[in-house]
Amino acid sequence: MLKFTIQKKLEGTLARAGTIETKNGVIQTPAFVTVGTKATVKSLTAEQIRSLGAQVVLANTYHLYLQPGADVVEQAGGFGPFMDWHGPTMTDSGGFQAFSLGAAFGNAVSKVATGDAVENISAHAGQLAKVTDEGVMFKSHLDGSKHLFTPESSMEAQWKLGADMIFAFDECTSPTAPYEYQKKSLARTYAWAQRCLTRHAELDVDKQQSLFGVIQGGRFQELREEAARSMGALAATADFPEGFDGYGIGGSFTKDDIGTAVGWVNAILPEDKPRHLLGIGEPADLFAAVEAGCDLFDCIAPTRMARHGSLHTADGRINLRNAKFVTDFTPIEVGCTCYTCQHHTKAYLAHLFRGDEMTAATLASIHNLHFILRLVENIRESLLSDTFHTYKKDFLERYTKK
RNA sequence: GCGUCGGUGGUAGAGUGGUCAAUUACAACAGACUGUAAAUCUGUCGCCUUCGGGCUACGAAGGUUCAAAUCCUUCCCGGCGCA
Numbered sequence: 001m002l003k004f005t006i007q008k009k010l011e012g013t014l015a016r017a018g019t020i021e022t023k024n025g026v027i028q029t030p031a032f033v034t035v036g037t038k039a040t041v042k043s044l045t046a047e048q049i050r051s052l053g054a055q056v057v058l059a060n061t062y063h064l065y066l067q068p069g070a071d072v073v074e075q076a077g078g079f080g081p082f083m084d085w086h087g088p089t090m091t092d093s094g095g096f097q098a099f100s101l102g103a104a105f106g107n108a109v110s111k112v113a114t115g116d117a118v119e120n121i122s123a124h125a126g127q128l129a130k131v132t133d134e135g136v137m138f139k140s141h142l143d144g145s146k147h148l149f150t151p152e153s154s155m156e157a158q159w160k161l162g163a164d165m166i167f168a169f170d171e172c173t174s175p176t177a178p179y180e181y182q183k184k185s186l187a188r189t190y191a192w193a194q195r196c197l198t199r200h201a202e203l204d205v206d207k208q209q210s211l212f213g214v215i216q217g218g219r220f221q222e223l224r225e226e227a228a229r230s231m232g233a234l235a236a237t238a239d240f241p242e243g244f245d246g247y248g249i250g251g252s253f254t255k256d257d258i259g260t261a262v263g264w265v266n267a268i269l270p271e272d273k274p275r276h277l278l279g280i281g282e283p284a285d286l287f288a289a290v291e292a293g294c295d296l297f298d299c300i301a302p303t304r305m306a307r308h309g310s311l312h313t314a315d316g317r318i319n320l321r322n323a324k325f326v327t328d329f330t331p332i333e334v335g336c337t338c339y340t341c342q343h344h345t346k347a348y349l350a351h352l353f354r355g356d357e358m359t360a361a362t363l364a365s366i367h368n369l370h371f372i373l374r375l376v377e378n379i380r381e382s383l384l385s386d387t388f389h390t391y392k393k394d395f396l397e398r399y400t401k402k
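The letter at position 59 of the first sequence is residue 59 when you use this note's numbering, and the numbering goes up by one with no holes.
Hint data in this document are derived by calculation from the structure and do not stem from the laboratory.
Please note that a few of the clues may not be correct.
What the hints assert, rightly or not - In silico DMTMM-like cross-links for lysine to aspartate or glutamate, where the CA-CA straight-line distance does not exceed 25 Å:
1. K273 x D133
2. K23 x E47
3. K111 x D133
4. K184 x E222
5. K207 x E222
6. K9 x E21
7. K8 x D272
8. K207 x D84
Can you make the complete structure from the sequences, with help from the hints?
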C-alpha cells in the first residue's frame, strides 16, 4: 500500500531523498510530519495546515482512544476526514505515553537528555503508566480510569483511526533507564512487534495501512544495533505475511549523539524502507538525522514552543515575551514568507502574548511550522542538488551563533 | 463638625507584639520545552553584599516595649453613617 522510492543518495553519508506514495498522496522526503495529537494541530485549522504546505499529519492513538474514542473516529471515516485533513496520515501507537505518563510523569526528564542529567530516577507512585510484558496499564490523565494497552489493542485502535501509516506498540524508555532495563525493555518491544505484525495482518486484509516497527535501545550502541538487526529481519515471512513497511526510531537520546545513535541503526536497517525518527524536530537534530539516513520526522516542538512564545529565526530562537519586543515593529523574521510575517509585527505578537490572546498561539504556530517545514524542504533540495554540506554548515553557523 | 471603619511592597489583598523584608495571587523580568499530562512549567521579583549578613521599609510624626506592620497619642488621607 506504500511505495517508497529513493531518488538520490548523498555520497559518504546515509542520507537520501525520495518519495513515499500513499493512497492519500505523495510525500517528498525527507519530510517533517506535523503533529496533530488529538486530530487537531493545536490552534490551527485544517485550512491553515494545508496553507503551510504540510505533507503529513500524525495523530495519537492513546489520546484519540480516550477522547472521543476510536469508534467515534472510525464512524467519522478516520482521523483525517474527521479533522478535514485529506493528505497522508500517521498515528503513533501510544508507546510514547508509556514514557511520558510513566517514567517521565512528574519528573524533569525528557526524551532528549542534556548534559549529564542522566541519573537514575526511580518509579514513583504518581505515575499514570505501568509497563508489563502484557502491555501498558494506563490511568487516564483525563478521569483516572484504567486502560490496558497491548500490542493487539493498539493495532485495533489504529485500525479504527485509519491512518495510512501506523506504528507498532513499543515501550519508549527513559534516558535515565540503565542498560539492564533497556535490554529487558528491548526484548519486550521486540515481542510486541511480532504481536503487532500478527494482529495487524488479521485486521488489514486489504493492506490499507502500512505498519512501521520501532527501534529502541536507548543510548547503547550494542542494543540499538541489535534492535535494528532483529526488527529489520522481521520481513515478510510465513509467520508474518506482511512484515514491516517502514521503521520508526524511538526512545531516548543524549543531545550530542542523536545523529550517531541514529546512524548505528540506519546502517543496519533495510535501505528500501522509509525511516521515521520519532519526536525529533530541532534544526540541528534534523540535519544530523537526515545525514544519518532518516526520511521522516515528527515533533511537537515547533507548535509547543510557538504557544510558549519561542520563535525560530535564521539567527536562532527568540522569545516574543521579552520586553525588547514590545515596540519592535518588524516581522519575526524579515524576508519570511509565512502568513504571520507577511501581516504582523513582533510588537503585535508580543501584545497578543501578554494579553493571553488565542491568536498569539495561532500566529506563532504558523511561523514555527512554516520555518521547520521549509527547513526540511530545503534540506531535501540540498540533497537533490548536492549542496547538503554547505547548506548545513551555513544554516547552523548562523542559527547557533549568538 | 461628630461618630465609625480603614490606609501594607507595581496592583489586589493576607498578617494584627517576637518564628516578618512581610503568606498568596496577578503584573513585571528571565529561562526551560524534541513520538503533546503542556495557551505549560521553573527561577527572580525593597536596596547593598566578600552570600555570613548589613541597611531602609507596612500613610506621617512621636511614644510604650528587650522587641512594633501589629499597642498608645497626634496629624494627614479615604469609605460609610449622623448632622
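Right, here's what the structure says about each hint:
1. K273 x D133: violated (28 Å)
2. K23 x E47: This hinted pair holds, its Cα atoms lying about 20 Å apart.
3. K111 x D133: holds (22 Å)
4. K184 x E222: Distance ~13 Å between K184 and E222 Cα, so the pair holds.
5. K207 x E222: violated (34 Å)
6. K9 x E21: Holds: K9 and E21 sit about 18 Å apart, inside 25 Å.
7. K8 x D272: Holds, at about 12 Å.
8. K207 x D84: holds (23 Å)
Violated hints, listed in ascending order, are 1 and 5; each of the other numbered hints is respected by the structure.
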